[in-house]
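Undergrad: Since the structure of chain A is provided, determine the placement of chain B with the ligands on it from the hints.
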Amino acid sequence: MVKVERITKTFENRRKKVTAVDSLSFVAEPGSIYGLLGPNGAGKTTTLRIISTLLKPDSGRATVMGFDSVDAPTEVRRRIGFLTSDMKLSGNLTPRELLRFYGELSQMRESDISVRTKSLSDYLNMTDFLDKRIGKLSSGMKQKAAIAVSLIHDPEVIVFDEPTNGLDIITARTVTEFLKDYRKKGKTIIISTHIMSVAEKLCNKVGIIFKGKLVANDTIEGLYRRFDESSLEDVFFKIADLEGVTESV
Amino acid sequence: MFRDALIIFRKELKNVFKDPRTIFAVLILPMLIMPIIFLVMNTVSQSQAETYESAVYSLKVTNLPDERFLKILEGIISFELVDEINEETVKDLENSIMVEFPPNSAERIENGERIDALVFYNSTSRGSSYGAQMVQNALASYSSFLLSEKLLEHGLTIEDLNPVSVEKMDVAPEESRGTEILATLIPYFLLIYIFAGAMNIGLDTTAGEKERGSMPVLLVNQVSRSSIATGKILYVMTIAILNSIFTFIGLIIAFKLGGPAFGAENLNLSSLSASTFLGLFITLLTMSGLAAALIVLLGSIARNVKEGSGYVMPIYIMAIVLGIATMQMESPDNPFLYLIPLVNSIFVMKDIITVNFVIARFLLMLISNLAYVSLFIYFLTRVFNSERIMDSSGS
Ligand SMILES: Nc1ncnc2c1ncn2[C@@H]1O[C@H](COP(=O)(O)OP(=O)(O)OP(=O)(O)O)[C@@H](O)[C@H]1O
Ligand SMILES: [Mg+2]
Numbered sequence: 001m002v003k004v005e006r007i008t009k010t011f012e013n014r015r016k017k018v019t020a021v022d023s024l025s026f027v028a029e030p031g032s033i034y035g036l037l038g039p040n041g042a043g044k045t046t047t048l049r050i051i052s053t054l055l056k057p058d059s060g061r062a063t064v065m066g067f068d069s070v071d072a073p074t075e076v077r078r079r080i081g082f083l084t085s086d087m088k089l090s091g092n093l094t095p096r097e098l099l100r101f102y103g104e105l106s107q108m109r110e111s112d113i114s115v116r117t118k119s120l121s122d123y124l125n126m127t128d129f130l131d132k133r134i135g136k137l138s139s140g141m142k143q144k145a146a147i148a149v150s151l152i153h154d155p156e157v158i159v160f161d162e163p164t165n166g167l168d169i170i171t172a173r174t175v176t177e178f179l180k181d182y183r184k185k186g187k188t189i190i191i192s193t194h195i196m197s198v199a200e201k202l203c204n205k206v207g208i209i210f211k212g213k214l215v216a217n218d219t220i221e222g223l224y225r226r227f228d229e230s231s232l233e234d235v236f237f238k239i240a241d242l243e244g245v246t247e248s249v
Numbered sequence: 001m002f003r004d005a006l007i008i009f010r011k012e013l014k015n016v017f018k019d020p021r022t023i024f025a026v027l028i029l030p031m032l033i034m035p036i037i038f039l040v041m042n043t044v045s046q047s048q049a050e051t052y053e054s055a056v057y058s059l060k061v062t063n064l065p066d067e068r069f070l071k072i073l074e075g076i077i078s079f080e081l082v083d084e085i086n087e088e089t090v091k092d093l094e095n096s097i098m099v100e101f102p103p104n105s106a107e108r109i110e111n112g113e114r115i116d117a118l119v120f121y122n123s124t125s126r127g128s129s130y131g132a133q134m135v136q137n138a139l140a141s142y143s144s145f146l147l148s149e150k151l152l153e154h155g156l157t158i159e160d161l162n163p164v165s166v167e168k169m170d171v172a173p174e175e176s177r178g179t180e181i182l183a184t185l186i187p188y189f190l191l192i193y194i195f196a197g198a199m200n201i202g203l204d205t206t207a208g209e210k211e212r213g214s215m216p217v218l219l220v221n222q223v224s225r226s227s228i229a230t231g232k233i234l235y236v237m238t239i240a241i242l243n244s245i246f247t248f249i250g251l252i253i254a255f256k257l258g259g260p261a262f263g264a265e266n267l268n269l270s271s272l273s274a275s276t277f278l279g280l281f282i283t284l285l286t287m288s289g290l291a292a293a294l295i296v297l298l299g300s301i302a303r304n305v306k307e308g309s310g311y312v313m314p315i316y317i318m319a320i321v322l323g324i325a326t327m328q329m330e331s332p333d334n335p336f337l338y339l340i341p342l343v344n345s346i347f348v349m350k351d352i353i354t355v356n357f358v359i360a361r362f363l364l365m366l367i368s369n370l371a372y373v374s375l376f377i378y379f380l381t382r383v384f385n386s387e388r389i390m391d392s393s394g395s
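Line order of the protein sequences matches chains A and B.
Residue numbering for the first sequence is 1 to 249, as defined by the working numbering.
Residue numbering for the second sequence is 1 to 395, as defined by the working numbering.
A hint or two may mislead.
Unchecked claim - Heads up, simulated SDA-like pairs for lysine to any residue below, C-alpha to C-alpha not over 20 Å straight-line:
1) A/Lys-88 <-> B/Gly-75
2) A/Lys-56 <-> B/Ser-392
3) A/Lys-132 <-> B/Arg-21
4) A/Lys-3 <-> A/Lys-142
5) A/Lys-88 <-> B/Ser-392
6) A/Lys-136 <-> B/Arg-212
7) A/Lys-3 <-> A/Glu-110
8) A/Lys-56 <-> B/Ile-301
9) A/Lys-142 <-> B/Gly-213
10) B/Lys-14 <-> A/Glu-110
11) A/Lys-132 <-> B/Val-16
12) B/Lys-60 <-> B/Leu-39
13) B/Lys-18 <-> A/Lys-56
14) B/Lys-18 <-> A/Thr-219
15) A/Lys-136 <-> B/Lys-14
16) B/Lys-60 <-> B/Asn-42
Because the hints were derived from the structure by calculation, they are not lab data.
Values in this document were obtained by computation on a predicted structure and should not be read as measured data.
Bound conformation, chain A alone (with noise of 0.2 Å):
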């Protein structure tokens, strides 16, 4: 369970002030898929690094499974799985060697690593390259890899940034089926997206955000009821045209 309470979050560079996130809240529940829907720039990645601890709100708070992201930083750590697109795995080491930093660094048993490791590389069809060196294996490799360190711990809370961009339909399939059987077994799941495509098959409920602020937040069937429409892109538009904003975006 991640509850997020009227946050709010201003960045300021060289006298300009940036509100990435505005007053906002939603609700995302265990065994269920929450995706947050927005153009580029409207904050999802901000929310969801208040979330997991790498920023701090201005004001309003989140918490994971009961935890403040702010009081209990290292409680939210232990239970959360985050990945962006812009975190990225280097180096000399292969992905078997981090999977196994990363698990000691969680305080996990040597040998609870090694079935760990094996499962989700496994799943993620990793074992061709498990123990190549990272800085060696291609982006959607690297990828993969990165998600693997991300769930290492086997987290109650996976938040993951746009986790199919960059990837093949194939890589792709992967991970959303991947999300797919971690919903099943009751964890809590947030994504974000611009893909409508993949906000429709995946998300049990979606929040629709611009410039900052949540505009919509229900399910798939609620919205195309509310807006008399029976596509996501097609709310979208609707609802931008309402806020304004259908030029910028």
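TA: For chain B with the ligands alone, coordinates are given in the frame of chain A:
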């Protein structure tokens, strides 16, 4: 908590030593660089000396008083007598020298008069300079030859003119003799190579990880921020120590290979005993801890490696200047100087090498350096806890 720091430390070391280039840059290169410099300097100066010694010089002598002068000179260099050179052409010809005695010099010497000999040479030609020096030596020998001849007429010898002969006895303890050059060079090289080693690695593991996007992967892990700080400092410190130790080994090899170019005959390498090494190593530890902590801190504040280099460079240059400034200095007594980072380590190392170990200075250095490192770790932990560590905009 320290367990996590060690996990990070081990991982970083493993990562860096999987790259053969690092092994070469950190271990092999520093060990080779000093011996190579020494060897090149030696061979160059030796082969040059050989060239001058075997050269045949063009010599013009005016108003030669005595054939015996030429006999003496023949024993020192090979030359052929020529007539065509003058003051002007000495300038343009290689290996040419002109000696001018005053007119009637033979008679004047006979009469016991003093004569002046002029040696014309070109100081910008190494050959001409060397030849002129040899001519001068020959003149000096000729002069004392004349003197002893004269003394003999009075039944005296040259030794009779020096009733007191002097022989110097060095009373410094045997083990500290011949350590001055070591005390001059070793602290300087260790200091420089600690910084050189810590700089690249220290910036790479902080600002470099920000650039590559691998920093946040570590930051979302539950590991405590102070463990990250400690682990990274330990890692950079280890590389810095390895780098300077291998430079040290290289320096010793260079001295052993014999560096007349450095006046190495006077070196006393046996002064480097086990306790000296232990003392140097402890000093090295605190000094590299300090450099590593500082560089990791600056690298973590920087948004990219370029910005980080901008922060570290002035400190590196300051360290070089400090190293050179203190090269010829002896350890001062003022205890406050042993609280100043880097300065304190340099002077304590000099103490240790010259076997003038002062425990109070050593302790002052140790405690103050540990205090600085703790302070840096504290600030570094704060940086890792702040959003600054996420700030990674490109250059
Ligand atoms: N570290 C930062 N410093 C300054 N401004 C920032 C920073 N991070 C984000 N912003 C600004 O905050 C706003 C929201 O950015 P964010 O990355 O959250 O958007 P996004 O919804 O993830 O966009 P995209 O779909 O392009 O990834 C943007 O205007 C961005 O310029
Ligand atoms: Mg984004």
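Undergrad: Quick check: which numbered hints come out false for this structure?
TA: Those not satisfied are hints 1, 4, 7, 12, 13, 14, 16.
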